[in-house]
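Undergrad: For this one, chain A is given, so just place chains B, C and D on it according to the hints.
What follows is each chain in one-letter form.
Number of protein chains: 4
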Amino acid sequence: MSKLAIVVFSGYGHTLKIAEAAAADTDAVLVEIDANGDLDEDQWQQLNEAKGIIFAAPTYMGNVPWQFKKFADATSSIWAQRGWQNKVFGGFSNSSSMNGDKQVTLIWMQTLASQHGGIWVSLGLLPANTKEADRNDVNTLGGSAGALVQTPADASVNEIPRGDIETVKIYVARVSEIIDKLN
Amino acid sequence: MSKLAIVVFSGYGHTLKIAEAAAADTDAVLVEIDANGDLDEDQWQQLNEAKGIIFAAPTYMGNVPWQFKKFADATSSIWAQRGWQNKVFGGFSNSSSMNGDKQVTLIWMQTLASQHGGIWVSLGLLPANTKEADRNDVNTLGGSAGALVQTPADASVNEIPRGDIETVKIYVARVSEIIDKLN
Amino acid sequence: MSKLAIVVFSGYGHTLKIAEAAAADTDAVLVEIDANGDLDEDQWQQLNEAKGIIFAAPTYMGNVPWQFKKFADATSSIWAQRGWQNKVFGGFSNSSSMNGDKQVTLIWMQTLASQHGGIWVSLGLLPANTKEADRNDVNTLGGSAGALVQTPADASVNEIPRGDIETVKIYVARVSEIIDKLN
Amino acid sequence: MSKLAIVVFSGYGHTLKIAEAAAADTDAVLVEIDANGDLDEDQWQQLNEAKGIIFAAPTYMGNVPWQFKKFADATSSIWAQRGWQNKVFGGFSNSSSMNGDKQVTLIWMQTLASQHGGIWVSLGLLPANTKEADRNDVNTLGGSAGALVQTPADASVNEIPRGDIETVKIYVARVSEIIDKLN
Numbered sequence: 389m390s391k392l393a394i395v396v397f398s399g400y401g402h403t404l405k406i407a408e409a410a411a412a413d414t415d416a417v418l419v420e421i422d423a424n425g426d427l428d429e430d431q432w433q434q435l436n437e438a439k440g441i442i443f444a445a446p447t448y449m450g451n452v453p454w455q456f457k458k459f460a461d462a463t464s465s466i467w468a469q470r471g472w473q474n475k476v477f478g479g480f481s482n483s484s485s486m487n488g489d490k491q492v493t494l495i496w497m498q499t500l501a502s503q504h505g506g507i508w509v510s511l512g513l514l515p516a517n518t519k520e521a522d523r524n525d526v527n528t529l530g531g532s533a534g535a536l537v538q539t540p541a542d543a544s545v546n547e548i549p550r551g552d553i554e555t556v557k558i559y560v561a562r563v564s565e566i567i568d569k570l571n
Numbered sequence: 389m390s391k392l393a394i395v396v397f398s399g400y401g402h403t404l405k406i407a408e409a410a411a412a413d414t415d416a417v418l419v420e421i422d423a424n425g426d427l428d429e430d431q432w433q434q435l436n437e438a439k440g441i442i443f444a445a446p447t448y449m450g451n452v453p454w455q456f457k458k459f460a461d462a463t464s465s466i467w468a469q470r471g472w473q474n475k476v477f478g479g480f481s482n483s484s485s486m487n488g489d490k491q492v493t494l495i496w497m498q499t500l501a502s503q504h505g506g507i508w509v510s511l512g513l514l515p516a517n518t519k520e521a522d523r524n525d526v527n528t529l530g531g532s533a534g535a536l537v538q539t540p541a542d543a544s545v546n547e548i549p550r551g552d553i554e555t556v557k558i559y560v561a562r563v564s565e566i567i568d569k570l571n
Numbered sequence: 389m390s391k392l393a394i395v396v397f398s399g400y401g402h403t404l405k406i407a408e409a410a411a412a413d414t415d416a417v418l419v420e421i422d423a424n425g426d427l428d429e430d431q432w433q434q435l436n437e438a439k440g441i442i443f444a445a446p447t448y449m450g451n452v453p454w455q456f457k458k459f460a461d462a463t464s465s466i467w468a469q470r471g472w473q474n475k476v477f478g479g480f481s482n483s484s485s486m487n488g489d490k491q492v493t494l495i496w497m498q499t500l501a502s503q504h505g506g507i508w509v510s511l512g513l514l515p516a517n518t519k520e521a522d523r524n525d526v527n528t529l530g531g532s533a534g535a536l537v538q539t540p541a542d543a544s545v546n547e548i549p550r551g552d553i554e555t556v557k558i559y560v561a562r563v564s565e566i567i568d569k570l571n
Numbered sequence: 389m390s391k392l393a394i395v396v397f398s399g400y401g402h403t404l405k406i407a408e409a410a411a412a413d414t415d416a417v418l419v420e421i422d423a424n425g426d427l428d429e430d431q432w433q434q435l436n437e438a439k440g441i442i443f444a445a446p447t448y449m450g451n452v453p454w455q456f457k458k459f460a461d462a463t464s465s466i467w468a469q470r471g472w473q474n475k476v477f478g479g480f481s482n483s484s485s486m487n488g489d490k491q492v493t494l495i496w497m498q499t500l501a502s503q504h505g506g507i508w509v510s511l512g513l514l515p516a517n518t519k520e521a522d523r524n525d526v527n528t529l530g531g532s533a534g535a536l537v538q539t540p541a542d543a544s545v546n547e548i549p550r551g552d553i554e555t556v557k558i559y560v561a562r563v564s565e566i567i568d569k570l571n
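Residue numbers (my numbering), protein chains in the order written: chain A, 389 to 571; chain B, 389 to 571; chain C, 389 to 571; chain D, 389 to 571.
Hints are computed from structural coordinates only; laboratory data are not their basis. Worth double-checking, as some hints may not be accurate.
Copies of one chain are not kept apart here, so a pair can be met inside one copy or by any two copies together.
Within a straight-line C-alpha distance of at most 25 Å, the following computed PhoX-like cross-link-like pairs (lysine-lysine) qualify [stated by the list, open to error]:
no.	residue 1	residue 2
1	Lys391	Lys557
2	Lys391	Lys475
3	Lys519	Lys405
4	Lys391	Lys569
5	Lys439	Lys569
6	Lys475	Lys439
7	Lys569	Lys405
8	Lys405	Lys439
9	Lys391	Lys405
10	Lys557	Lys475
Only a predicted model underlies this, so the values are computations on that prediction, with no experimental measurement involved.
Chain A with its partners taken away, still in its complex shape:
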């Protein structure tokens, strides 16, 4: 059993790659939603047993892909029974634009966490926002609620900006530390 789970949907592999990099560093378990928006029973158990859950999804049309939303809809019975009350939550999202309405995704992820009675961990990093800042720096996108990633529309999974991957790794490690403090 892992104390931290990253529940992830990835349409083209970018989000999955980032999640894998972050999970490796923190001993988090990856719970991957399938192309039909489903999890198997073992995966549900991994989420139920984890002390913390990180939502990981790209932003499509202003929010998570429908498969991730199908997963969220399937948590409604857990919600009714307060099954995830007091879990620690975080989230990150990738899109091909700098903003790309990723913040609407993050706001929804925070809302989902709140509905489950959760505790949300912010990114906790200042932005790199001077003229010298580049995409190898940590948090050049200037997120606060969670980690933001931007991969150009024509970039492969090997071309995700290094600074953004590092931002996610630092953030997932931070969520892991807060879980330790709370338990």
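TA: Relative to the frame of chain A, chains B, C and D by itself:
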């Protein structure tokens, strides 16, 4: 061809009933998303030809049901070609709580409309917010971006508050008028 | 020194009254923003020393009153120095409508907490959303991110719905417990 | 009388400079909020007479500066009398980070417009989001609800990215066209 389309997903019939009541008054066409989140070709054509589109969906777990999001995801090629640029948009949502995070749904609906280069019509009604206000009044829920409906968790489709249905009807008629002005 | 501070602005006394009721139960210190949006040095110290901060403000025109925003703007140097990193945060808002765009206020409060590197505590309560629910029940407004209060436009400070006051009290006690767990 | 007004607050001159550039192209009137958050009577009249209003402000601590919020609070009597009903609205925001929570500002601007019974015009531009995109391109920040501007923390008013200024100019011209269509 109808100038106004209401694209609707309804899990238990409440949202559909409200949409039907509003459509009847304004000669809008109802475009109902099926249980698998799909539309047929005729339905896509109805949306493409309409001058305005109203998003209608309940709020589940802080946003539209996955079937409605699947519809939204399927509009990404229309988005890339600016197929809905300058269409008029509006939205309404029903949930079993007074708030129930319906505003997160509305914010996302506005975001989707913005991505498509749309023009968003607000509700345009003051709230009924005095001590005498009751659920037969128009806009007792105090929405502004779009119309809000609250149907208690144990209420049938025949028990939707009268004032909320009336609010949606007034709003859909308002969107229809704005379309006329713009075209 | 109190571990929990409630930083409050109240235009007509309703929000202050609720904050006082909640503070009394939890030994929280009230930090009241004045009519010009200012705090004195002792008040800043109370905030800096607290392990947790609850944002308390009515919703005017879709967000906190300008005085509360002036307070938030004045925290920018604390932000730059990470002075409130890892503090626990929560928030509540009152308005005269059921919704009244209070959720936009809550979203902003969460954003402010995130910018400061904070940890946000959700309400943690299911809604009272059946036909029998009334305004004496806890969380009849159906909030999730924080506590929501609705006081009709013509209601005095003695007519705030009992259930809403109780909701805030339960929430503030919950934030206090999470602080204990984290420290 | 100008059909379009840009109501602007600028802390360090960047937002004002952008607003001036956009106003010059469209014959819009600039209504500048003073350092105390106030407008004079002539300025209020300019806003009341305009067919459309664009909100222009930097993002400080997750939303507009308090001076802009003070202006918004002062519109509550106009709100109660539906004085701005059916006006056309838009908005843009500048901050020193790519994201910098500017979307929370935009969401609030949309909410304020909705409370006034307004019609919101989206940006209407696809993002420049390929590997070749740079800050001279239009909409490299990938906004949708309104125009986004990012000026590094150490950049003067003469160093605002050219593409962002161009984005605002195109957007303001677009809002002006929609006003013509509606009137």
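Undergrad: It remains to establish, for every hint, whether it holds in the given structure.
TA: Hints, one by one, checked against the model:
| no. | hint | result |
| --- | --- | --- |
| 1 | Lys391 / Lys557 | within (16 Å within a copy, 31 Å between copies) |
| 2 | Lys391 / Lys475 | both (10 Å within a copy, 22 Å between copies) |
| 3 | Lys519 / Lys405 | between (29 Å within a copy, 19 Å between copies) |
| 4 | Lys391 / Lys569 | both (12 Å within a copy, 17 Å between copies) |
| 5 | Lys439 / Lys569 | both (11 Å within a copy, 14 Å between copies) |
| 6 | Lys475 / Lys439 | both (5 Å within a copy, 20 Å between copies) |
| 7 | Lys569 / Lys405 | neither (28 Å within a copy, 34 Å between copies) |
| 8 | Lys405 / Lys439 | within (23 Å within a copy, 36 Å between copies) |
| 9 | Lys391 / Lys405 | within (21 Å within a copy, 41 Å between copies) |
| 10 | Lys557 / Lys475 | both (20 Å within a copy, 21 Å between copies) |
Of the numbered hints given earlier, the model fails hint 7 alone.
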